[in-house]
Amino acid sequence: MYTQSFSVSDGQGKNAGPNAEPKAGPKPVPVISNEEAEKISAFEQKIADDGRIEPQDWMPEAYRKTLVRQISQHAHSEIVGMLPEGNWISRAPSLKRKAILIAKVQDEGGHGLYLYSAAETLGVSRDKMLDDLHTGRAKYSSIFNYPTLTWADVGVIGWLVDGAAIMNQIPLCRCSYGPYARAMIRVCKEESFHQRQGYESLLVMMRGTEEQRAMVQDAVNRWWWKCLAMFGPPDADSPNSAIGMRYGIKRFSNDDLRQKFVDATVAQAEVLGVTLPDPDLKWNEARGHYDYGAIDWDEFWRTVNGDGPCNKERLTTRVKADRDGQWVRDAALAHARKRAAREAKEAA
Amino acid sequence: MSNALKEWPLWEVFVRSKQGLEHKHCGSLHAADAPQALQMARDVYTRRQEGVSIWVVRSADIVASSPDDKGELFEPAADKIYRHPTFYDIPDDVGHM
Chain A
1 MYTQSFSVSD GQGKNAGPNA EPKAGPKPVP VISNEEAEKI SAFEQKIADD GRIEPQDWMP
61 EAYRKTLVRQ ISQHAHSEIV GMLPEGNWIS RAPSLKRKAI LIAKVQDEGG HGLYLYSAAE
121 TLGVSRDKML DDLHTGRAKY SSIFNYPTLT WADVGVIGWL VDGAAIMNQI PLCRCSYGPY
181 ARAMIRVCKE ESFHQRQGYE SLLVMMRGTE EQRAMVQDAV NRWWWKCLAM FGPPDADSPN
241 SAIGMRYGIK RFSNDDLRQK FVDATVAQAE VLGVTLPDPD LKWNEARGHY DYGAIDWDEF
301 WRTVNGDGPC NKERLTTRVK ADRDGQWVRD AALAHARKRA AREAKEAA
Chain B
1001 MSNALKEWPL WEVFVRSKQG LEHKHCGSLH AADAPQALQM ARDVYTRRQE GVSIWVVRSA
1061 DIVASSPDDK GELFEPAADK IYRHPTFYDI PDDVGHM
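As given, the protein sequences belong to chains A and B, one line each in that order.
All residue numbers for the first sequence refer to this note's numbering, where the first residue is 1 and numbers rise by one.
All residue numbers for the second sequence refer to this note's numbering, where the first residue is 1001 and numbers rise by one.
Simulated from the structure, these hints should not be mistaken for lab results.
Note that beta-carbon positions come from the ideal geometry of N, C-alpha and C, so glycine has one too.
A portion of the hints provided could be inaccurate.
Computed Cβ-Cβ distance ranges for the label pairs, DEER-style [to be verified]:
1. L1021(B) / E343(A): 19 to 25 Å
2. I243(A) / S1066(B): 26 to 32 Å
3. D235(A) / S1066(B): 36 to 42 Å
4. Q1049(B) / K282(A): 33 to 39 Å
5. S192(A) / L1021(B): 23 to 29 Å
6. E61(A) / M1097(B): 53 to 59 Å
7. P1076(B) / R246(A): 32 to 38 Å
8. L1038(B) / L203(A): 35 to 41 Å
9. I185(A) / P1076(B): 46 to 52 Å
10. D263(A) / L1038(B): 43 to 49 Å
11. Q1049(B) / A332(A): 39 to 45 Å
Below, simulated DSBU-like cross-link-like pairs (lysine-lysine); rule was C-alpha separation at most 35 Å, straight line [claimed, not checked]:
12. K312(A) / K1080(B)
13. K1070(B) / K128(A)
14. K65(A) / K189(A)
15. K65(A) / K1070(B)
16. K65(A) / K98(A)
17. K1024(B) / K1070(B)
18. K39(A) / K1024(B)
Input sequences plus hints: build the corresponding full structure.
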């Protein structure tokens, strides 16, 4: 589950939106050696030629930092994303839906692992990344700071949230950093199952009772705008977009991907028989796209900055899971050491 | 236990997708020991019948060539085009060779 709203910075400092931070003055230009300049130009040429960068290759510090931030936020989002859906495993309406949901939540854990591994190739440790998440220094997708109130939310998350994630993730399969691109290919293959199972479970509910249909519509109403915000702030207000574009990490702008998502979703909503809650949503013949209404960015930034309905609960649950598992990790390591020592003694 | 040793060591995972094909690198994971690495590789990398056999190897045990040696190691092959079959012109009459 990836969103381009990762173009926000980590850290305790508030991301108060586009207007909050005063523009920094011109930074002093550091003097660089000839050798350094050659490395930079070789690197930039490789990016311009659509080449791939591998872990052992030389890379500018800004490239490494951008990747570490984006990949670790992406990984965090996968494992925090397990929580809202995990809540429904024990309450799934049938054994079939329960098995599907368990498989999906397990996939999200796997996606987290692929991504943490990709980030580790950049020299940051798994423990450090988790520590940043658990202490609130690192961000994760704010979509998971909203509650999953009914069973229909589980379907809508698959259809819309994972649908938005797919839009974001497909271009990343061609991103300039090899390990990230390879992880994304794997993730995208699995993500398609996530979206289809969600949509299909909603189809079943729409063929059910009036009450079930109302439940689906209610869930769509609550999630639609949040999904549009997942693509991140408008291009003009997205501070990290430019650097991601320059380095071949990001291939499309936030607004372009958001438009693609809207255009793709309208027909799916029609087939499903739900209304997307936007009176301004209409086909624009001249643009060849659907127009849509204004997104509430204040709410987006409030949630990013920690004041969403579930921010505290998600982090608390995540920290507790980590703490509860500590003795298992310690015991496994102690066991492995003991056995290695015993084998060494026997061999001597 | 020192902090550096608290993290499980890193393993590289190689999966054979079917009999007759080679094991291919597919990613990495942390595990306390080899049996656990195998079990976790199964859970993480073969949930959809992607494999029939798994190798795991400690990442620290892999010896790799350095990117700095790329030129020295691989460029000498570039001007030896006579090592390729297409270097040789054979009359069409000969047929497939």
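Against the structure, the hints:
no.: 1; hint: L1021(B) / E343(A): 19 to 25 Å; in the structure: 33 Å, violated
no.: 2; hint: I243(A) / S1066(B): 26 to 32 Å; in the structure: 28 Å, holds
no.: 3; hint: D235(A) / S1066(B): 36 to 42 Å; in the structure: 40 Å, holds
no.: 4; hint: Q1049(B) / K282(A): 33 to 39 Å; in the structure: 45 Å, violated
no.: 5; hint: S192(A) / L1021(B): 23 to 29 Å; in the structure: 24 Å, holds
no.: 6; hint: E61(A) / M1097(B): 53 to 59 Å; in the structure: 54 Å, holds
no.: 7; hint: P1076(B) / R246(A): 32 to 38 Å; in the structure: 35 Å, holds
no.: 8; hint: L1038(B) / L203(A): 35 to 41 Å; in the structure: 40 Å, holds
no.: 9; hint: I185(A) / P1076(B): 46 to 52 Å; in the structure: 33 Å, violated
no.: 10; hint: D263(A) / L1038(B): 43 to 49 Å; in the structure: 45 Å, holds
no.: 11; hint: Q1049(B) / A332(A): 39 to 45 Å; in the structure: 27 Å, violated
no.: 12; hint: K312(A) / K1080(B); in the structure: 64 Å, violated
no.: 13; hint: K1070(B) / K128(A); in the structure: 32 Å, holds
no.: 14; hint: K65(A) / K189(A); in the structure: 27 Å, holds
no.: 15; hint: K65(A) / K1070(B); in the structure: 25 Å, holds
no.: 16; hint: K65(A) / K98(A); in the structure: 39 Å, violated
no.: 17; hint: K1024(B) / K1070(B); in the structure: 22 Å, holds
no.: 18; hint: K39(A) / K1024(B); in the structure: 31 Å, holds
Hints 1, 4, 9, 11, 12 and 16 from the earlier list are contradicted by this structure; the remaining hints agree with it.
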